[in-house]
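Participant: Sequence:
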Amino acid sequence: MSESPDSSPTPSAAEAEILQIVWDREPVSVRIVHEEILKSRDVGYTTILKQLQRMLDKGLVDRTPGAGKSFNYIATRPAAETRTTLLDRLTRSVFGNSTNDLVMHALGRGEVSSEDFRQIKKFINELEAERGTDEGDENDGE
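Just so you know, we're using my numbering here: the sequence shown kicks off at 2 and counts up by one.
Honestly, the hints are just simulated from the structure, not real lab data.
Careful: at least some of the hints might be erroneous.
Stated by the list, open to error - Straight-line distance between alpha carbons at most 30 Å, and here's what the computed DSSO-like set of lysine-lysine pairs gives:
(1) Lys59 x Lys70
(2) Lys51 x Lys40
(3) Lys59 x Lys40
(4) Lys70 x Lys40
This structure is a prediction, so every number in the text was calculated from the model and none was measured.
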């Protein structure tokens with residue numbers, strides 16, 4: 002039986018931060034995760050170890066034998082799948098299931114660079130080309 006997106010484990014903000022490091026560097030040791038997080042905030046090694054153990058229990062990561070008695074951690078799901086699950090839940094719970102409201106809020110925050118806008122426009126153009134122009138033409142305000 003396959004797992005629905007709603008039954009997949011949802012990482013907390015701290016777990017998502019760790020997952021990003023795991024995706025970027027896997028397999029990764031607790032020491033490496035700790036060193037990466039120390040670049041942005043002060044946190045103890047044992048805190049990271051405990052967090053990874055909880056993530057293992059939740060099924061967010063798996064571990065393999067590392068050097069000596071240590072373990073290396075790998076993500077159990079691809080980054081894109083986890084991000085989709087988180088975004089779907091955020092869209093439903095915070096934006097009333099409105100993708101439009103989510104995107105408008107994200108773009109209206111004033112923290113989007115010109116390069117980001119160019120990439121977003123390019124992505125929208127590619128989506129429109131894939132889907133055909135009929136869908137978007139209705140609301141172009143002729």
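Participant: Let me make sure I understand: some of the numbered hints might not hold for this structure. Which ones are they, in numerical order?
Facilitator: No numbers; nothing is violated.
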